[in-house]
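Chain by chain, the residues:
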Amino acid sequence: MTASSPGVTLDREHALTLLRQMLRIRQFEDRCAQLYTELKIRGFLHLYNGEEAIAVGVLGSLEPQDAVVATYREHGHALMRGVPMNALMAEMFGKHTGSSGGRGGSMHVFDVARRFYGGNAIVGGGLPIATGLALAEKLAKHTGIAACFFGEGAVAEGEFHESLNLAALWRLPVLFICENNLYAMGTALSRSESVTDVRAKAAAYGMPALAVDGMDVVAVQAAAQSAVASIRGGNGPQFLECRTYRLRAHSMFDAQLYRDKAEVEAWRARGPLITFTTRCKAAGLISEADFLQLQKEADAEVDAAVAFAESSEWESVDELERWVYAERPA
Amino acid sequence: MTADAVTSPRMSYREALREGLRDALRSDPRVFLMGEDVGLYGGCYAVTKSLLAEFGEERIRDTPLSESAFVGAGIGAALGGLRPIVEIMTVNFSLLALDQIVNSAATLCHMSGGQCPVPLVIRMATGAGRQLAAQHSHSLEGWYAHIPGLRIVAPATLDDARGMLGAALRCPDPVLIFEHIGLLNMEGNLTTGAVPVDIDRAAIRRAGRDITLLTYGGSLYKCLEAATQLAADGIEVEVVDLRTLRPLDDALIVDSVRRTHRVLIVDEGWRSGGISAELGMRIVEQAFFELDAPIARVCTAEVPIPYPKHLEDAALPSVPRIVAAARALVSREP
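Protein chains in written order, with our numbering: chain G, 2 to 331; chain P, 25 to 358.
If you're looking for bench data, these hints aren't it; they were derived computationally from the structure.
We put the CB at the ideal spot given by N, CA and C, even for glycine.
Watch out, some of these pointers could steer you wrong.
[Stated by the list, open to error] Some chain G residues well away from chain P (every beta-carbon gap over 12 Å; in silico):
{"hint": "1", "residue": "Asp-31"}
{"hint": "2", "residue": "Val-70"}
{"hint": "3", "residue": "His-109"}
{"hint": "4", "residue": "Glu-160"}
{"hint": "5", "residue": "His-162"}
{"hint": "6", "residue": "Ala-204"}
{"hint": "7", "residue": "Asn-236"}
{"hint": "8", "residue": "Ala-263"}
{"hint": "9", "residue": "Glu-266"}
{"hint": "10", "residue": "Ala-267"}
{"hint": "11", "residue": "Trp-268"}
{"hint": "12", "residue": "Arg-269"}
{"hint": "13", "residue": "Leu-274"}
{"hint": "14", "residue": "Tyr-326"}
[Said to hold, decoys possible] Now the stretches of chain P that chain G is said to cover, found in silico as 3 or more residues with beta-carbon under 8 Å:
{"hint": "15", "stretch": "86–92"}
{"hint": "16", "stretch": "98–107"}
{"hint": "17", "stretch": "137–147"}
{"hint": "18", "stretch": "176–187"}
Assemble the whole structure, with the sequences as input and the hints as a guide.
What follows is the structure, encoded as structure tokens:
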């Protein structure tokens, strides 16, 4: 379709699907930001605005038997993995009908039925766990793989290096996806890494490592599909660096003193939704009416999710200490 | 002693640990072991010697020196349906995996609303007494016992050395097993044909009516020796082996205190903020008016464990210190 997505021919159905998925995440999170100002959502709220192409491109390339580990900026991943929007919104509110029973909130979405293992808010902490999920697949001779999302900030953590080494050493079926948005909260990559080429660090562990334009959903999807096929074929782990940008603040408490407004605006013009929509329109795949229709559908789903969350019950305080330990079958 | 015990083979605590591992690996194909030098080398303390030959590289996995990665991989493998046993060489090295143990293993079940129990077993060596100095000799099990979501056990007998692992693997929660290095060469007879051991309750290792000694792990035998010496003077000591530090068996502890009315806590951990403080406070909360004397403690001196033998010995609870502290308590008027 374009030079940045070589070899990929989109049809109208595919274009509509990708746009619908990205819009769904965007509309959900825009409402979350509003709900945060209304004090319906509390705690830390990290929005994915600008990075939607990655969750859509990668998670659309997985199968139900695959395991997913994400970070505290995981609403998009959860939605793409099939976590119902009602349960996700209820989790944002902390209601008992939430995907984690309301226990985790925005940063800790779990849905084991869909093999979605969080929602990990320790930077780098998810990599060893994903490595272990991949080990379980391999030892049990199952066909699933593990997909692990993290930001470029995790690259400075020991757990990144330990996990990539272990996964490569044991040839485990895991796809590491680095969402490189250039800032670890407020610390720019160039201010925290002696070598800023993230892809090269992964390649040093002897695994195939590719960097793609994380703003291009088609490019991400093509790269992910190729990586997943190889991993599922028993060829060991792979690394995918998706170069992207967080268009909103790190969290709702961030005054963004560490970056220029001009820089943000330049990246905004490259945003995954606007560029994809523009390209699809230019190619005659979708119309403005299509876009508005998809937006309307997403808004309606968000409205219903908010109503669901609002009307849901809080967990009883009597349950406070439940699940500190697992309940054993009688 | 039962007839079975007589016919059972004499073995060391180390061998009993190995038998426990064998039992687990033989009985459940989901069980595997991973850690530093557990395979070809046979284990830092030779606990896992010969297991690689018997069970193969898939199930006896040598890891890189990456505590955080292999403990976290244990969590992931447990979530993925397996029953991993992770060996960490010493409790001191476990601090390199503290993020995975405290932030993930201990939290996932509660934080996910019960969706993610973590049936992971982590074994590690603990304790002093072998002149290994300040980075291989500490007793941090009481510190781990602070964490909701973890279960903390300390086998002190051969039966527990063998049986607690199986009990831990049957438990759906993360269980940390602390194996005292001072016990590894201790020999005895396993009780064969016994029912599987639990990891919920304390045990009375010697019954007595004058004073309760609360202890666990490597200090158990110091307490039993002290009890023997005190018996010569007519002081009847009850020795309670806590066995599990989380959960604590309050019922047995309080019951013993109600019978003896005097308590001495013996802990190889440090006194400040330690498990001995927790034990003392629980007794105060539940049996204060049963006490005929203040609760006393014999703990390790508040220093990093030093290398030379005379300083290491001086730092640790010893039989003479235990005897003296018990005597002082018994001689106090109610």
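Results of checking the hints against the structure:
The Cβ of G:Asp-31 sits about 26 Å from the closest Cβ of chain P, beyond the 12 Å cut-off, so the non-interface label holds. Against chain P, the non-interface label of G:Val-70 is violated: not every CB pair exceeds 12 Å, the least being about 8 Å. Its closest Cβ contact with chain P, about 5 Å, brings G:His-109 to no more than 12 Å, contrary to its assignment away from the interface. With a least CB separation of 5 Å from chain P, G:Glu-160 falls inside the 12 Å interface cut-off, contrary to its annotation.
Listed as a non-interface residue, G:His-162 fails to keep its Cβ farther than 12 Å from every Cβ of chain P; the least gap is roughly 8 Å. Listed as outside the interface, G:Ala-204 is consistent with that label: its C-beta sits roughly 18 Å from the nearest C-beta of chain P, beyond the 12 Å cut-off. In this structure G:Asn-236 is separated from chain P by more than 12 Å, as the shortest Cβ-Cβ distance comes to about 19 Å. For G:Ala-263, the condition that its CB be more than 12 Å from all CB atoms of chain P holds, with the nearest at approximately 38 Å.
With a least CB separation of 37 Å from chain P, G:Glu-266 remains clear of the 12 Å interface cut-off, as annotated. No Cβ of chain P comes within 12 Å of the Cβ of G:Ala-267; the nearest lies about 36 Å off, and the non-interface call holds. Distance check on G:Trp-268: its Cβ is at least 32 Å (rounded) from any Cβ of chain P, clearing the 12 Å threshold; non-interface status holds. At roughly 34 Å from the closest C-beta of chain P, the C-beta of G:Arg-269 stays outside 12 Å, upholding its exclusion from the interface.
Even its closest Cβ contact with chain P, about 31 Å, leaves G:Leu-274 beyond 12 Å, as expected for a residue assigned away from the interface. Not every CB of chain P is more than 12 Å from the CB of G:Tyr-326 (nearest about 5 Å), against its label as outside the interface. Using a Cβ-Cβ cut-off of 8 Å, 4 residues of the stretch 86–92 of chain P lie near chain G, which meets the minimum of three, so the contact claim holds. Counting residues of the stretch 98–107 of chain P whose CB lies closer than 8 Å to any CB of chain G gives 9, which reaches the minimum of 3, so the coverage claim holds.
A count of 6 residues in the stretch 137–147 of chain P with a Cβ less than 8 Å from any Cβ of chain G is obtained; the coverage claim is therefore met, three being the minimum. A stretch counts as covered by a chain when three or more of its residues have a beta carbon under 8 Å from one of that chain; for the stretch 176–187 of chain P and chain G the count is 0, and the coverage is violated.
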